[in-house]
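Q: Sequence:
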Amino acid sequence: MFRLWSLEYFIYREIEASLKISKTSIQKILHEELGVRKLVSRWIPHLLTEEQKAARVHWCQKTLDRFNSRNSKNVYSIVSGDESWIYCYEPENKRHSAVWVFQGEEKPTKVIRSRSVSKKRVATFVSKAGHIASIPFNEQRTELQKNNPERRIILHEDNASSHTAQKTRQYLTEENVELLDHPPYSPDLSPNDFFTFPKIKNRLRGQRFQSPEEAVDAFKNAVLDLPANEWNKCFENWFERMQMCINLLGEYFEKQ
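Quick note: the sequence shown uses the UniProt record's numbering, first residue 1, plus one each step.
Keep in mind the hints are simulated off the structure, nothing from the lab.
Treat each hint with caution, since some may be false.
[What the hints assert, rightly or not] The following label-pair restraints were derived from C-beta to C-beta distances:
(1) 121 to 25: 53 to 61 Å
(2) 45 to 199: 13 to 21 Å
(3) 181 to 18: 49 to 57 Å
(4) 224 to 175: 49 to 57 Å
(5) 202 to 229: 14 to 22 Å
(6) 188 to 24: 40 to 48 Å
(7) 229 to 188: 33 to 41 Å
(8) 199 to 249: 27 to 35 Å
(9) 71 to 33: 42 to 50 Å
(10) 121 to 34: 48 to 56 Å
(11) 33 to 121: 49 to 57 Å
Each residue gets a CB set at the ideal place from its N, CA and C atoms; glycine is no exception.
Assemble the whole structure, with the sequences as input and the hints as a guide.
A: As structure tokens, this is what we get:
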């Protein structure tokens, strides 16, 4: 008996040969009667366990409750930080390389370029009110407090070992900085991961910088060019994502 769940491994011609029916009939059965669609696989950061899904839901509910579903004034005290590599050259993707051509014109071509080896790791801190700082990774603790000497800070970072180490926690306590935890394997719930880094890096794609320092300066300038309302929308979206995560019982929800 022909196994229907094996259809994805067959081209239409092979299905025709196996079932002895026309291509039109195959299309009607698959798409109209069975509702089968051909989709590109969706990339996800991690195959979540049930415990990890539960941890995501718990964190989202706890955070929504604490900040009154984003309506609390304390939302303005949250500073969300994360690190990323900034490269001297990030190649364009297909969308960035798209151009308009008229009928009869040749399709343009480009040589594939790889990402540069030269890079620098940068820590970026943002809040609902706007960008706070983007600095080399090893300077992040000093710079954060220097930029906010009188302000109460609720620091949100992921659960990387450098963030959760005892030495780090001790430093934050001494500086009167409260740490807002983060569920494991959850970049979709981190403002810098779902907003800042992809948005700014896309702007810099295709540009070539002479040094990692020049690339970091370009990154900083691009971040500073973002209008204030973009950061406000980012944090609004952050809390919407928390509710979406709860609704989906902890599953990843990008492009659901």
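Q: Quick check: which numbered hints come out false for this structure?
A: 4, 7
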